[in-house]
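Which chain is which? The protein sequence lines are F and P, in order. The numbers in the first sequence follow this note's numbering, run straight up by one, and end at 347. The numbers in the second sequence follow this note's numbering, run straight up by one, and end at 204.
The hints are simulated quantities; they were obtained by calculation from the structure and are not laboratory data. Hints are not guaranteed to be accurate.
What the hints assert, rightly or not - Beyond 10 angstroms from chain P on every Cβ pair, some chain F residues (computed): (1) Ala112; (2) Gln115; (3) Thr130; (4) Leu151; (5) Asp177; (6) Pro179; (7) Ile185; (8) Val207; (9) Ala275; (10) Gly332; (11) Glu340.
As the list claims (entries may be wrong) - Below are the EDC-like pairs computed for lysine to aspartate or glutamate, each with C-alpha atoms no more than 16 angstroms apart in a straight line: (12) P:Lys51 to F:Glu317; (13) P:Lys168 to F:Asp343; (14) P:Lys126 to P:Glu142.
All of these numbers come straight from a predicted model, not from anything done at the bench. In this text, a Cβ means the ideal position worked out from N, Cα and C, and glycines have one as well.
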Amino acid sequence: MKRINKKLIKYIFLLVIILLITILYIYFRTVREIVSVILISFILAYSLKPAYNSLILKSNLNRRIIAATLVIIVIGFFVVSFLLLIPPLFRESLNIENIMNSLEEAIQQILSKTDLKEIRIFQTLKEQFNEKLNIMVMSFSDRSLDYLIAFSENLVSLAIIPVVTYYFLADGPMIGSKIMLLFPVSKRTLIKSISSDIDKVLGKYILSQFILCIIIGVLSFISLIILKVQFPMLLSIFNGIINIIPYFGPIFGAIPAIMIALIDSPIKAVYTAVVFFVIQQVEGNILSPQITASTISMHPLTIIILLLIGEKIGGFIGMILAIPLGVVIKVLWEDIDYHLF
Amino acid sequence: MLRRKDFDYLKVFDIDGNLLGNVKDIIIDFYEKKILGFQLSRQGFKKNNTISSSSVISINESIIVENKSVCEGIPFSSIKDLNVIDRNGAIIGVVEDFLIDISDLSLKGLIISSGVIDKLFKGKQVVLCNQLILGEKDLLCFSRKNILFKSIPHNFIR
Chain F
7 MKRINKKLIK YIFLLVIILL ITILYIYFRT VREIVSVILI SFILAYSLKP AYNSLILKSN
67 LNRRIIAATL VIIVIGFFVV SFLLLIPPLF RESLNIENIM NSLEEAIQQI LSKTDLKEIR
127 IFQTLKEQFN EKLNIMVMSF SDRSLDYLIA FSENLVSLAI IPVVTYYFLA DGPMIGSKIM
187 LLFPVSKRTL IKSISSDIDK VLGKYILSQF ILCIIIGVLS FISLIILKVQ FPMLLSIFNG
247 IINIIPYFGP IFGAIPAIMI ALIDSPIKAV YTAVVFFVIQ QVEGNILSPQ ITASTISMHP
307 LTIIILLLIG EKIGGFIGMI LAIPLGVVIK VLWEDIDYHL F
Chain P
47 MLRRKDFDYL KVFDIDGNLL GNVKDIIIDF YEKKILGFQL SRQGFKKNNT ISSSSVISIN
107 ESIIVENKSV CEGIPFSSIK DLNVIDRNGA IIGVVEDFLI DISDLSLKGL IISSGVIDKL
167 FKGKQVVLCN QLILGEKDLL CFSRKNILFK SIPHNFIR
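Let the hints inform the model, and build the full structure from the sequences given.
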């Protein structure tokens, strides 16, 4: 009886602490900022770890220098891409109104070629469609303005991220062993084996997704420039990022490109659709199996359900994060299965 | 005694240190009760990348092989999730895992589980391979003995 009571008390204590932390996270903005900074740096450091490890093996430099160089390269890449993107983005978004008008005109043209516009239903449909489009654009621009303001508010915490990432990279193993001290001795081997399993699977997945992302971005950029579609940079970056999502990604990424090509001419839209389809096929059949060397052994149905749940909870970012989280949970379950029996 | 999870994601190297692939599955000969080789992940454009167990020198944190001989046989994933029936036709459980003797890479037994949630209560059963017959859709366990080997949930600490 005494033993069961002690165990019960231990678990209740743990539960209370976890609840406390979640409540603090939800209700206090400062806690949320701190935790977000740590989380983002951790994810960045974790994604850079494969490159870091291979660089250490291949060169004789001090590990701190390598970590610092990697972080500077990545942060420099972000900063440079921001600087390169913001002016064209501004220019292009100022043109959004023109795009909207041309889109309306294009639809008007298509409709006028048939006699459908005489029927009342299609008229009301068209008006409603225009209205909805306007509302969407307005809310989108509202939200992006909010994001911009929030971004500049958090500039200080954002500047800390590179530093924290550098420390996570350079002193990662030491931090890891210090965290191990949180757990009771008897459980430590178990936790080490579970985290090394998670590490194997997750590391491969993250690295392969990054590489795929960049390749698709470059490919779509080249094809958009050849086809002379407007805003190639914006579209190709969007396509590259959204393609991380397994099944819906390619479709979502291609839709804006096709719509913008539609403004120029329907034929160009068809060409864009075909080219994007070819890119996606090349990625799916040749590049993806090669680069995702160890495919995650999850049934496609599970992946789709995970994507749906991720979208409900977190929108696009939720969809991107849902798969790695699912992979972690699956590895955890298999490990518990292994050790329990 | 090794289980399936001990082979997952193991890297396979040859003597010169080249990475041949990651282990994805094992290839067994159920009649002879031994492992014929391993199915590796894709290498280049070759889809079927196998390596024979006769060239394996050591199995530890990674597998080291002598030469790249290939092998053919049934992968374990085709036996996994098959039902196991006893002499009366009742289903004992579903094949979930295997037990392998590391010294000669022979298949010693199969681990049968009764269900995802059920196994937390009833545990998993271990059936020796010399009491099993592999069929098209099921496996038959013809043991007459009244001895059951079971593995019930236990503490994590070894």
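Against the structure, the hints come out as follows:
1. The non-interface label for F:Ala112 is consistent with chain P: the shortest C-beta to C-beta separation is roughly 43 angstroms, beyond 10 angstroms.
2. No Cβ of chain P comes within 10 angstroms of the Cβ of F:Gln115; the nearest lies about 47 angstroms off, and the non-interface call holds.
3. Residue-level check passed: F:Thr130 sits 52 angstroms from the nearest beta carbon of chain P, beyond 10 angstroms.
4. The Cβ of F:Leu151 lies farther than 10 angstroms from every Cβ of chain P, with a closest approach of about 46 angstroms, so its non-interface assignment holds.
5. Chain P leaves F:Asp177 outside its interface by the beta-carbon criterion, the shortest separation being 25 angstroms against a cut-off of 10 angstroms.
6. The beta carbon of F:Pro179 is kept farther than 10 angstroms from every beta carbon of chain P, the shortest such distance being approximately 17 angstroms.
7. Remark: the non-interface label on F:Ile185 is consistent with the geometry, its nearest Cβ contact in chain P lying 19 angstroms away (cut-off 10 angstroms).
8. With a least CB separation of 7 angstroms from chain P, F:Val207 falls inside the 10 angstroms interface cut-off, contrary to its annotation.
9. Every C-beta of chain P lies more than 10 angstroms from that of F:Ala275, the closest at about 34 angstroms, which supports listing it as non-interface.
10. Once the 10 angstroms rule is applied to beta carbons, F:Gly332 is consistent with being away from chain P; the minimum gap is 17 angstroms.
11. A beta-carbon of chain P is positioned within 10 angstroms of the beta-carbon of F:Glu340; the least distance is around 7 angstroms.
12. Distance hint between P:Lys51 and F:Glu317 is unfulfilled; the C-alpha atoms sit about 32 angstroms from each other, more than 16 angstroms.
13. As the CA atoms of P:Lys168 and F:Asp343 are separated by approximately 14 angstroms, the hinted pair is consistent with the 16 angstroms bound.
14. Straight-line distance between C-alpha atoms of P:Lys126 and P:Glu142 comes to about 6 angstroms, which keeps the hinted pair within the 16 angstroms bound.
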